[in-house]
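Asker: Sequences listed follow chains A and B, in order.
Position one of the first sequence corresponds to residue 8 (our numbering), numbered consecutively onward.
Position one of the second sequence corresponds to residue 95 (our numbering), numbered consecutively onward.
Please note that the accuracy of each hint is not assured.
What the hints assert, rightly or not - In silico DSS-like cross-links for lysine-lysine, where the CA-CA straight-line distance does not exceed 30 Å: (1) Lys351(B) <-> Lys311(B); (2) Lys99(B) <-> Lys421(A); (3) Lys210(B) <-> Lys10(A); (4) Lys10(A) <-> Lys220(B).
Because the hints were derived from the structure by calculation, they are not lab data.
Listed here are the chains, written in short residue letters.
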Amino acid sequence: MNKILLIIEREYLSRVKKKSFIIMTLLAPIIIAGFYGLIIYFSIQGVNGTFTKIAVVNENKTLTEKLVPTKNTGYVYVNTPLTQLKSSLKKTNYDYILYIPDFKLDNPTGIQVLGSKQAGLSLSSRISDDIEELIRNQKLKQSGISQADLEKLKSSVDISVKKIGEGGTDEDSSAGASTIIAYVAGILMFMFIMLYGIQVMRGVIEEKTSRIIEVIISSVKPFQLMMGKIIGIALVGLTQFILWILLTTTISAVAVKVFVSEKDLKQNEMVQVGAKKASQVASSTSGPMAGIQKSLTNLPVGKIVVVFLFFFIGGYLFYSALYAAIGSAVDSETETQQFMMPVMMPLFLGYALSLSVVTNDPYGNIAFWLSMIPFTSPIAMMVRLPYGVPDWQLALSMGLLVVGFIGTVWVASKIYRVGILMYGKKTSLKEMVKWFTYKN
Amino acid sequence: MLSVKNIVKQYANHRALNDVSLEVERGKIFGLLGPNGAGKTSLIRIITQITAPDSGEVTINGQRLNVDHISQIGYLPEERGLYKKMEIGEQVMYLARLKGLSSQEATKRLKYWFEKLEMQTWWNKKVEDLSKGMQQKVQFVATVLHKPELIILDEPFSGFDPVNADIIKNEILELNKQGATFIFSTHRMESVEELCDNIALIHKSKKILDGSVTDIKSTYRNNTYWLEYDGEYDPGNATSIFDVLELKKVLGKTIIKVQLRPQQTANQVLMALLPHVAITRLDEVIPTMNDIFIDKVKNVS
Chain A
8 MNKILLIIER EYLSRVKKKS FIIMTLLAPI IIAGFYGLII YFSIQGVNGT
58 FTKIAVVNEN KTLTEKLVPT KNTGYVYVNT PLTQLKSSLK KTNYDYILYI
108 PDFKLDNPTG IQVLGSKQAG LSLSSRISDD IEELIRNQKL KQSGISQADL
158 EKLKSSVDIS VKKIGEGGTD EDSSAGASTI IAYVAGILMF MFIMLYGIQV
208 MRGVIEEKTS RIIEVIISSV KPFQLMMGKI IGIALVGLTQ FILWILLTTT
258 ISAVAVKVFV SEKDLKQNEM VQVGAKKASQ VASSTSGPMA GIQKSLTNLP
308 VGKIVVVFLF FFIGGYLFYS ALYAAIGSAV DSETETQQFM MPVMMPLFLG
358 YALSLSVVTN DPYGNIAFWL SMIPFTSPIA MMVRLPYGVP DWQLALSMGL
408 LVVGFIGTVW VASKIYRVGI LMYGKKTSLK EMVKWFTYKN
Chain B
95 MLSVKNIVKQ YANHRALNDV SLEVERGKIF GLLGPNGAGK TSLIRIITQI
145 TAPDSGEVTI NGQRLNVDHI SQIGYLPEER GLYKKMEIGE QVMYLARLKG
195 LSSQEATKRL KYWFEKLEMQ TWWNKKVEDL SKGMQQKVQF VATVLHKPEL
245 IILDEPFSGF DPVNADIIKN EILELNKQGA TFIFSTHRME SVEELCDNIA
295 LIHKSKKILD GSVTDIKSTY RNNTYWLEYD GEYDPGNATS IFDVLELKKV
345 LGKTIIKVQL RPQQTANQVL MALLPHVAIT RLDEVIPTMN DIFIDKVKNV
395 S
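Chain A extracted, bound-state conformation (with noise of 0.2 Å):
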């Protein structure tokens, strides 16, 4: 037990002060913020740079509905006539002139963006949008439709999805919440074990092409070393991810404060500046996301959460002491390959199924089965249980995730045994099946 400790002290020290760890550590937040900003950055400039001030110039008595401004296209209707307006354009501040010239409703043509630049295709189709829209508006005026019922034809709809609990209560959850969920640990998950399962994989190969390994078996069993890489790159690796976690959520609010603040003023500026329309769409899509809001309240939280971290760490050590077996099975890195195959299709496999098969029907047998398989399960699971999952299942699934990992463990420190010690030679499956009855 006190050679696994250091062990592990080691693994986790000599990759904790490994230069090419902390410059990861420091810069992926810089790089996740930077995305974001640039993300946040670019939708704003996105809306500032593209707002367009347009003089238009209506010819037409029948159109009587007038354009609406929006947040990137502002419309100012003028009584300057086209010919002294188109003269006069580079003395004002509007960018196009939209003539509209008199055309019967029914055929609509003639109709002019004039400019010293020529419109972009996003522009002109914005504005043809907005004239569709108008003359719809005003023909179904005409037809005797008032405002106010014009107004009623908007319509946003939020479906709230109850389950009925065992005593006919129902039960607050959303599918969309469920889903972000299963998403954000699944992607987690599927990193982790990439990540630093691989790490393990390295780890071994490495001891093996140093020769160092030799020297290390003559003092502690295999058994010790592999659960010492293990656990030790596991810690590596939750350092690094709490350490993402708090540095990006760091940097990301400091970046907000300081560069999206003003930012966001002339963007509530835009936003006074457009008109209704923009303001409804806002409101029509804060819908949805109060519900998700709401329905993540209601999710036992504390326990997925436990659940989480307990399939989380499971799912990493069954998947590294796979990639150990892997490790010790090969003699360099390009020869993994083969190998990384059988291994990684399960996880992707899962990934996959997990997102379309369980999320769609996720009380039926595959999501059970999947959520089963310790192979499947970190993922599978995850995904069923925002939706509700019995706990005889999820002890079983729990179970055989330990059980699993267990047995691999044996089994890979056999097989670790074997070819930890074979250089140059292929290891024959005989040779492992019969690495696999010895007894120490």
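Using the hints, position chain B against chain A.
Answerer: Okay, now just chain B, sitting in the frame of chain A:
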């Protein structure tokens, strides 16, 4: 101290060790010899408990080999290496602590060894920055640091320059004087003659020769002598006493290698030649371990 009895080790396609037995006495330096692929490393791995034999038994001080013995054995494998990215000091500390030393004790002993072998400045260096010979010195220190009773060295001198090889050789002798038993596997026969008390020769998975170096050498004496003289004499006249194996003339001297006929002695050779020539040298040809090794290995195959 160490006794190996009837060890058999079978791999998938070949038998690495076939009924090998040997005894290593306490306080001696034991040479484990054999051509490449003879099974030396397999035997060493069994003694160090890296692998286990299919049948047979290894005992240390009368006890069957068990986990407790690990701390009493120091092993320097032929395929040796260090963690490339770790600093030397950290690395040796780690290896020492894996052997069960407290960090305090390990630091103390490391200081002693680093000073003794003039390696103090290496403490914070990374393995990648050291030459192969320097790395081997570090590995040697890691092997002997926990004061094992039994030290197993697999080709300890390969990669060393003559100066460092000599330093290591002296350290081995000194540790031996302090009571450590050595098993020492090598192809370099001159180091066997310098260091080993006893040897075992393994060839094609079997032990084909063992015993003390002096005994083995004397049994391989075959009454052959170098003889050097001034003057004209045809050694062919004395064929009743010896056979001439070689004859050459260097700077007016005649040098011959002769093998005595049965029941003849060196005195009789001298008596036959003294009346005719001035003898300047007579010495017995004692076979080197190298000759014995080659002779034995060739005869078996």
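Asker: Does each hint fit the structure? Answer for all of them.
Answerer: Hint check:
Our distance criterion of 30 Å between C-alpha atoms is met by Lys351(B) and Lys311(B), whose separation comes to about 19 Å. This hinted pair checks out: Lys99(B) and Lys421(A) have alpha carbons roughly 26 Å apart, not beyond 30 Å. Distance check on the hinted pair: Lys210(B) and Lys10(A) sit about 29 Å apart at the alpha-carbon level, within 30 Å; holds. In summary, the hint linking Lys10(A) to Lys220(B) is supported, as the alpha carbons are separated by about 24 Å, within the 30 Å threshold.
The structure is consistent with each of the numbered hints, conforming to all of them.
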